[in-house]
Amino acid sequence: MKNKSKSVEPKKPQVSIQMTDGVLIPRKDNNHVLNAWRITFFGALLVLALLVLLKPDPYRDILLVCIKGAPVTFEASILAMVFTVIIGVITGLGSVSKHRWINMISGVYVELIRGIPLLVQIIFIYYAMGRFFKIQGMIAAVTALSICFGAYMGEIVRGGIQSIPKGQMEAAIALGMSRTQAFRYVILPQTAKVILPAIGNEFISMVKDSSLVSTIALSDILRKGREYISRTFLSLETMLVVALIYLIITLVLSRLVGMLEERLHQNG
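Under the numbering used here, think of the first position of the sequence shown as 8, with each following residue one higher.
Among the hints, a few may not be true.
[Stated by the list, open to error] Now the in silico label distances, taken between C-beta atoms and shown as ranges:
hint, residue 1, residue 2, range
1, Leu243, Gln273, 38 to 48 Å
2, Ile93, Ala181, 50 to 60 Å
3, Met111, Arg186, 11 to 21 Å
4, Pro196, Ser104, 11 to 21 Å
5, Gly114, Pro196, 22 to 32 Å
6, Lys173, Ala199, 11 to 21 Å
7, Leu243, Leu71, 14 to 24 Å
8, Ala56, Val89, 46 to 56 Å
9, Val89, Met266, 36 to 46 Å
Just so you know, these hints were derived from the structure itself, not from any lab.
The model shown is predicted, which means the values in this text are computed figures rather than measured ones.
Cβ coordinates follow ideal geometry from the N, Cα and C atoms, glycine included.
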């Protein structure tokens, strides 16, 4: 009898698919003139410039009105991002904590907040806090954005901590550090470097989602556009300009995040 040898096919490497709510981050190795980021960015600039130059009435007026809401958009996003990082670090540490109750509280917070739409959270916090405290729209907006994105940031921090080899913690403890000191001086600095690009993506998403704060009468870009529509009834023209403004802002931020990621890779 002849021995029949079975051919063993080599295993194909597993491909992980990552989904993100952020815009396309330009890569340094993609130097082609017609890459996706350049086409989208310069295309948006060209369309906006042509609208303003060729038909200043009403597009120039719309642009001047809507752009006045940009400082409010950035103020809400930047303030919320600061508190989001703080909440995310606390939640992430709680998620990897050895204490069962701390771990459970962090898990419940993440699952609860991620299961409720941001718009519902903004409206609920605005009216719920308004019943007990005299708050302004900015405070409610920053609070809602921080609580909502803090849950997602907590998962980012947790993933970053778990990506650090366990040998790092064991080596730090072997050198005489306590577990708290090891987290503070060894694990967290390495985690920060790993999650910085993800934090940038979250900030881009926050800038876009901050348009929802217009529902609580905060004069951001979208709110200015809606006020203009209420006066002129030019809904299509106004929403076109608002969309282009948000697109240009998010594309600029995506470029900055891409540069940050390249710098991190260069520094190892």
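Where does the structure disagree with the numbered hints, that is, which hint numbers, in rising order? 2, 8, 9
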